[in-house]
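Protein chains: 2
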Amino acid sequence: MSPPIRIALIGMGKIAHDQHLPAIANDPAFELVATVSRHGGTLDALPFFDSIEALAASDVVVDAVALCTPPQVRRALAASAIDRGWHVFLEKPPAATLAEATALRTRAAAQGVSLFASWHSRHAAGVEPARAWLAERTLRDATITWAEDVRHWHPGQDWIFEPGGFGVFDPAINALSIATRIFPHPLFVESAEIEIPANRAAAIAANVLFRDEFGCAIDARFDFLQTGHQRWDIAARTDRGTMTLAEGGGTLAFDGATAAAQDDELATEYPALYRRFAELVRDGASEVDLTPLQLVADIHLKARIRIVDPFDW
Amino acid sequence: MSPPIRIALIGMGKIAHDQHLPAIANDPAFELVATVSRHGGTLDALPFFDSIEALAASDVVVDAVALCTPPQVRRALAASAIDRGWHVFLEKPPAATLAEATALRTRAAAQGVSLFASWHSRHAAGVEPARAWLAERTLRDATITWAEDVRHWHPGQDWIFEPGGFGVFDPAINALSIATRIFPHPLFVESAEIEIPANRAAAIAANVLFRDEFGCAIDARFDFLQTGHQRWDIAARTDRGTMTLAEGGGTLAFDGATAAAQDDELATEYPALYRRFAELVRDGASEVDLTPLQLVADIHLKARIRIVDPFDW
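Chains H and Z supply the protein sequences, listed in that same order. Residue 256 in full-length UniProt numbering sits at position 256 of the first sequence; the count goes up by one each step and never skips. Residue 295 in full-length UniProt numbering sits at position 295 of the second sequence; the count goes up by one each step and never skips.
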């Protein structure tokens, strides 16, 4: 077996603590060698730096980094890591804009390092069986409902409503990463309405009607103000039965009968991402699928904008 | 010499009459065999159809089509033409969204036909010399000013303010097609403000600050309400002199001294596009650079929106 990939974690916010640290700790292909954060927060017995430059200037040997910062600063950090010959794991969305993500792909190829634009929801337990089931059927129509309480899931994270923070499209891009994986044909934005709070820059809700090239409608509702029951569901009707992918892809039912269920996303999504990243590094390959980001950009390009009530935490 | 490419013109609006008809008439590589328009408007002695299906059902033999419709309907028409084995010339922007344009590229490759996403401004007389001059210098900063009177240039064209009509980005994408050609490094949207009239869906003005990866600022102002002197200018400062590309790329000056000027865009831009399209068809190749469209999508993705006064013709 190869020696472990020496990885540094950059951006020590909620997602790093909740998902990346346990996934790395449980994967023998990786050895966590340092953390980097502008806001402090050391881990026991592990070198800590307040910048990527400080990490590079240290005697810690690094093969790869995982970037868990907000998307606004991701491109510059990733470019710096690529230039140092480090492999790069990007949290979703891979950058704040398509031009940034495209430039990173070009740069990684030129430097010969692996770049991985991760989409964790694609590794939820129900996604692959849903894809296989839909591939053998003819889609009639579908609905996407991604409705969560931003105050619960992103408490006080103002960056999410800043330009480049994606607003409700921060979770919605998870739905779109699944939809672009399980539906067999490309989705086109037919119409969209985006709701932006009067005191913020990014969306708090959106309605989008997609169609595929055969005219099938995929109706999506994205909402950041959902209280009570939280919903991350995709439902589809086909020529032979119905499919419900719920809980962010974690549970799957065909015609109402459960076909797949995961106990705990910790046990599946991020461990699968790190297994994939290790494969890419070992194979000298990259995986940068920008389709979900492209759809979010298309929605903004074609949407009618509605200014709604101010949002405060 | 090969026999001429038998071409049909689809969408007989202003751009078809002003630019495509004279360019085709003067290029021996093409023979115009039919026109298609939902709104009528026959040309003397030429077969006319009210749909692409009617054209296909006729005994007119077609090798290629040029699509001059508004962008909202372009994808479906282009897909239909590709499926019939026709080569396709797309007016700019190539589609209403990136997913649509990407799907057309995939479809044309699968069908083995040539797809040409045209950017007419890239063929203005000053563009190529500007690119060559900038390639040998270090950029300091640049400004883009694209300010025209929509009432003069697009009188009554309501589609331009509908979703997918691009608003002020219909002309602005010409500026971006030049900028992405002449500046040697990718442009990233650092910040943007888009102004949308209260009674419309698309932008009437925008301010965008781009930066390249070296931090050079490219400051852009796009305005659809410019009266008096109309401006389509890109100015750049470098380590060795200044460059002014004016009149949509038609005139070029280095350090104030004229380096290139065209008498008439009719004489250069569209004839060059048709020469390129003929090359692509003869070579069995496609040319689909989506970078300008990607930048427009990135601007919308990252912009702050400001709702401004209603717009009426």
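Everything labelled a hint here was simulated from the structure, so no lab data went into it. Keep in mind that the hints are not guaranteed to be accurate.
Across the chosen pairs, the derived CB separations fall in these ranges [to be verified]:
#, chain 1, residue 1, chain 2, residue 2, range
1, Z, 227, H, 17, 49 to 59 Å
2, Z, 83, H, 257, 55 to 65 Å
3, H, 2, Z, 279, 27 to 37 Å
4, Z, 48, H, 257, 54 to 64 Å
5, H, 25, Z, 185, 47 to 57 Å
6, H, 106, Z, 279, 18 to 28 Å
7, H, 199, Z, 153, 29 to 39 Å
Which stretches of chain Z does chain H cover? Using the computed rule of at least three CB atoms under 8 Å from a CB of chain H, they are [stated by the list, open to error]:
#, region
8, 15–26
9, 177–188
10, 224–231
11, 294–306
As the structure is a prediction and not an experimental result, all values here were calculated from the model. C-beta: ideal position from N, C-alpha, C; glycine also.
Practice task
Just pull the numbers of the violated hints for me, sorted ascending.
Solution key: Violated hints: 2, 3, 5, 8 and 10; rest satisfied.
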